[in-house]
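Undergrad: So the number in my numbering is just where the residue sits in the sequence shown, counting from 1, plus 316.
These aren't lab readings, by the way, just hints derived from the structure by calculation. One thing to keep in mind: the hints can contain errors.
[Stated by the list, open to error] Here are the simulated EDC-like pairs of lysine to aspartate or glutamate, each with C-alpha atoms no more than 16 Å apart in a straight line:
1) Lys344 with Glu354
2) Lys344 with Asp391
3) Lys380 with Glu370
Note that the structure is predicted; figures quoted are calculated from it, not measured.
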Amino acid sequence: MTGMPIGDDDGSEAGGADAPGRALLPEKEPGAFRTIGEVAEDLDLPQHVLRFWETRFTQVRPLKRGGNRRYYRPDDVDLLRGIRRLLYGQGYTIRGAQRVLRERGMRFVQAVGRGEQVAPAFVESDHEPEPEAAPPPPLGRADRASLTAVLDDLRACRRLLSRLDPPAPAADAPGG
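Go ahead and model the full structure; you've got the sequences and the hints to work with.
TA: Structural data, given as structure tokens:
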């Protein structure tokens, strides 16, 4: 069976001679839409990842038909392939890939997906630092009194428990 070239993640030759860096899918017209299953298989990703990316990358907008089935246009597939290369090939975070889309545009990321462009090198600033926890608000007089009372009760419980006789050692159990 002949196939239509579809981009490979690492750019290595996997398809026909006229399509370096492309894998072969069952033949479809170049402008044919692809189902989520076909795209997931082509990009070597689970389908739920593609659905998740739709929530994080608003540029990914497959057509939805009866039964909420997704159909991806060729440009959608190129965009997803570009996002995959940014995230998995170049180590971008989702925010970093979103920044590339915002600053360089969808056509650029599609070209990255086709292997025609290379995204800028991943830089440390693409990592969002964890926000530091804010210090707790100061306790009011009533809160402080409540906590002190609970602490006193806990200390009293500890004293009572320490006065209990330790349990007697168990008699030698058979087989022990």
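Undergrad: So which of the earlier hints does this model not fit?
TA: Per hint list: zero violations.
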